[in-house]
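Protein chains: 2
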Amino acid sequence: MAKEITLREENYSQWYLDIVKKAGLSDNSAVRGCMVIKPYGYAIWEKMQAQLDKMFKETGHVNAYFPLFVPKSLFEAEEKNAEGFAKECAIVTHYRLKNDPDNPGKLMVDPNAKLEEELIVRPTSEAIIWNTYRDWIQSYRDLPLLINQWANVVRWEMRTRPFLRTAEFLWQEGHTAHATKEEAIQEAKIIHEIYARFAEDFMAMPVIKGSKSENERFAGADDTFTIEALMQDGKALQAGTSHFLGQNFAKAFEVKYLTSENKEEYVWATSWGVSTRLIGGLIMTHSDDEGLVLPPKLAPIQVVIVPIPKPEPEIMLVADRINDELKAKGISVKIDSDEKNRPGFKFAEYEMKGIPVRVGIGKRDLENGVVEIARRDTKEKTQVSLDTVSQYIEKLLDDIQENLFQRALAYRTAATTNVDSMEQLLEVLDTKGGFCLAHWDGTSETEEKIKELTKATIRCIPDESILEEGKCILTGKPSKQRVIFARAY
Amino acid sequence: MAKEITLREENYSQWYLDIVKKAGLSDNSAVRGCMVIKPYGYAIWEKMQAQLDKMFKETGHVNAYFPLFVPKSLFEAEEKNAEGFAKECAIVTHYRLKNDPDNPGKLMVDPNAKLEEELIVRPTSEAIIWNTYRDWIQSYRDLPLLINQWANVVRWEMRTRPFLRTAEFLWQEGHTAHATKEEAIQEAKIIHEIYARFAEDFMAMPVIKGSKSENERFAGADDTFTIEALMQDGKALQAGTSHFLGQNFAKAFEVKYLTSENKEEYVWATSWGVSTRLIGGLIMTHSDDEGLVLPPKLAPIQVVIVPIPKPEPEIMLVADRINDELKAKGISVKIDSDEKNRPGFKFAEYEMKGIPVRVGIGKRDLENGVVEIARRDTKEKTQVSLDTVSQYIEKLLDDIQENLFQRALAYRTAATTNVDSMEQLLEVLDTKGGFCLAHWDGTSETEEKIKELTKATIRCIPDESILEEGKCILTGKPSKQRVIFARAY
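Protein sequence lines correspond, in order, to chains E and R. Mapping of the first sequence onto the numbering used here: residues 7 to 495, in sequence order. Mapping of the second sequence onto the numbering used here: residues 7 to 495, in sequence order.
Hints listed in this document are in silico derivations from the structure and should not be mistaken for laboratory results. A few of these clues could be false.
If chains are identical, the list can't say which one is meant, so a pair holds when it fits in one copy or spans any two.
[Unchecked claim] Pairs of lysine to aspartate or glutamate, DMTMM-like flavour, derived with a Cα cap of 25 Å:
1. K401 <-> E474
2. K63 <-> E331
3. K187 <-> E222
4. K340 <-> D148
5. K63 <-> E433
6. K93 <-> D108
7. K455 <-> E296
8. K93 <-> D228
9. K303 <-> E267
10. K93 <-> D326
11. K333 <-> D207
12. K333 <-> E163
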């Protein structure tokens with residue numbers, strides 16, 4: 007085989023790192039906690055960006071760009087937000103290097119180039135953006151402001167993991183301003199819905215939509231809506247959050263508007279983001295012991311054509327014809343005309359890279375008027391007539407997309423357990439893991455205590471849950487609905 | 007009028023700032039030298055990005071992403087490059103804030119969170135990328151590497167100007183690695199050609215293609231190819247550069263490969279970039295005293311439809327029909343159905359924003375089966391029959407694109423002068439400005455001296471120039487071709 011990776015059941019964590027490396031998604035860098043996103047990984051991000059950007063624009067949002075740096079005085083203006091990020095931010099203190107007199111050829115920070123005010127590399131942009139919105143908003147006619155930005159942010163994480171948690175990551179952050187509380191909540195929910203639709207329809211990753219408990223909310227938010235996915239190892243992944251920020255930032259930055267009745271009011275806000283972390287979620291939802299598995303809608307290459315055993319002229323003629331037919335249907339294809347490696351090596355390589363469909367074209371098959379089509383998700387192979395190959399593949403890509411979603415959903419269903427006691431919670435977490443639905447008395451203290459005892463957090467209070475009288479698994483106090491506990495990434 | 011701006015002949019510099027502000031392209035920020043790119047300005051950048059990205063991909067390049075930070079030890083590895091950027095870079099020295107004990111509610115840099123090695127916020131990414139390429143390149147089979155990234159960079163400029171020179175800016179930077187010198191030079195020239203084609207065919211901005219003199223080369227390059235445009239005030243703008251880096255970075259970062267003959271060789275490199283500065287060039291090439299003028303191919307909104315005087319039902323019916331017809335042709339349209347402002351106000355507003363074509367629909371016109379079409383570039387108005395309006399507009403957009411290019415080319419031709427003495431150079435620079443073609447003896451000393459005396463630099467040694475014996479305007483030494491002198495942004 008071309009490359010081997012650790013088996014999931016041996017060491018899930020190492021399996022993940024092996025996939026990231028061997029499928030060519032990312033690489034380590036010389037900067038602590040920062041990764042290089044390699045071309046194949048970045049191509050997946052580009053597919054995600056294109057789809058999300060389309061969904062944002064269809065709902066009236068526009069893109070803009072705000073500075074990378076936040077002056078310290080702005081950073082600290084919204085206290086909860088500042089407190090939430092202060093311990094993990096990169097700080098620019100100087101603006102010049104000079105030659106080091108003691109080390110010829112080396113540079114040192116020029117002590118004469120110290121900034122009067124330090125600049126924080128944005129961990130998120132509410133502060134710099136709301137400081138700008140103050141100038142942009144005078145009256146109700148200036149509202150709503152529906153702005154998104156695609157950007158890099160930095161959070162000085164101590165334990166990093168490619169895509170899932172890195173010091174620098176890429177994301178989009180929406181920042182909207184509204185005249186009323188209702189409208190702002192509505193906006194946060196529209197985005198919450200878009201995130202869920204993107205996760206399920208494009209990533210083929212089922213998610214539970216819900217609200218965060220107070221403990222788990224974004225620093226500075228009055229309410230955080232979240233989509234939570236379940237990874238194959240039974241751990242949860244927070245995949246996208248949309249925050250109702252109330253008037254917290256408007257008050258911190260004095261952003262007021264004149265209503266149509268000429269009254270001055272503070273503006274209402276939302277913010278929302280998804281990041282390159284989604285790629286981590288994509289990997290851990292679908293991939294297997296042979297490598298990456300990608301849903302067709304986000305696969306940079308959807309179909310690979312491999313001549314067997316070599317790219318001989320009559321084979322390449324057919325390959326080109328299939329390629330043309332598929333391209334006309336908007337399907338992305340790669341023809342592997344490399345002569346150095348053998349088909350078996352190539353098959354393993356494309357399995358590692360998660361290309362959804364592989365077409366093998368051999369001479370004997372051609373004599374029979376067929377090609378061999380292999381699907382990555384189930385590894386089934388089928389002989390398909392040359393006359394119908396492009397229609398077959400078009401439908402197969404849809405089938406794979408749907409199958410991946412259904413498979414992940416079936417896994418999640420099997421890995422979701424109603425638990426009614428602390429003992430049961432611990433037992434389920436330690437054996438099968440997954441989502442545990444349990445009653446909770448609604449207090450932060452109880453949540454903290456359960457976290458301490460089990461390392462599980464409340465992933466969300468589901469939007470759609472059956473109201474059910476019950477008793478908190480820790481305190482026995484009354485509860486009206488189950489919430490989701492899980493250990494999480 | 008809705009908004010007024012300074013006239014070009016009164017104060018060109020203020021005119022530029024007025025356009026940037028009143029057309030809604032960018033805004034100042036709380037961070038010294040950093041701008042906010044507003045939605046309308048960012049939409050132009052998105053159009054530029056989409057086209058450039060397509061051109062890069064068509065020529066075999068892929069995108070990736072490398073870290074924002076460069077550890078100081080890597081930054082200083084290629085000495086010329088380090089020297090070129092050391093005096094203007096933002097430096098991260100700490101990774102945590104803490105509560106300031108002397109100022110309740112305020113934060114301070116935590117002295118215990120000092121980094122062992124300072125991190126430079128990338129002013130360009132050669133260092134971090136070539137440090138990574140060392141791991142990616144072993145043999146000739148790994149070459150060429152044709153990678154681009156879309157990113158933000160920071161250069162601590164003292165005098166900033168929106169789009170033209172800002173401390174943080176957005177750009178793309180290509181970084182390629184090749185087995186031979188010839189192939190690397192070829193790559194740099196392919197990109198040079200793409201930049202020129204983009205400038206002329208999409209920005210409608212004529213450029214002179216050429217090479218930089220040694221003085222003006224990118225720090226660390228063996229050769230720099232540049233496209234130089236001429237702004238309406240007679241100053242030059244460097245619009246895009248493509249560098250042949252020789253083996254300088256390969257040697258600094260020890261990047262070698264095994265040839266097919268199993269010999270170890272250093273790798274050859276190029277890098278190339280264009281930035282949001284192009285938006286400054288776009289503004290200054292076409293705009294006038296009524297505001298921004300945009301070439302149709304880069305205009306976020308190509309056609310605006312204004313009901314006269316109000317959006318009444320029969321008018322909106324026609325507006326919607328025209329909108330549908332234009333959208334079907336891939337033309338972007340805005341229908342202004344706002345009822346608050348009068349048509350005259352709207353006309354001025356859309357002129358300020360540089361929307362190429364305006365369609366006015368009035369009741370009396372409708373009775374006659376016509377609408378009024380105004381083009382932004384010449385401000386001509388025409389009555390056009392309802393039956394042919396969408397075909398008319400489709401062709402008009404092409405005409406405007408072509409007219410803008412021809413107009414700018416005619417201006418440049420008129421503003422290009424052969425000069426044969428220092429006196430003449432100074433006189434031309436002080437009166438009409440523009441490109442001055444003059445003989446130069448080829449030395450850096452002479453170039454420096456001319457710069458000192460005239461504030462003009464050698465913009466480029468043109469790719470296409472007539473070989474002509476002559477004498478250097480400063481030293482009288484022999485010269486074989488004229489080069490372009492100009493004062494520049």
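Compare the structure with the hints numbered earlier in the document and write down the numbers of the violated ones, lowest to highest. Violated hints: 1, 5, 7, 9, 10, 12; rest satisfied.
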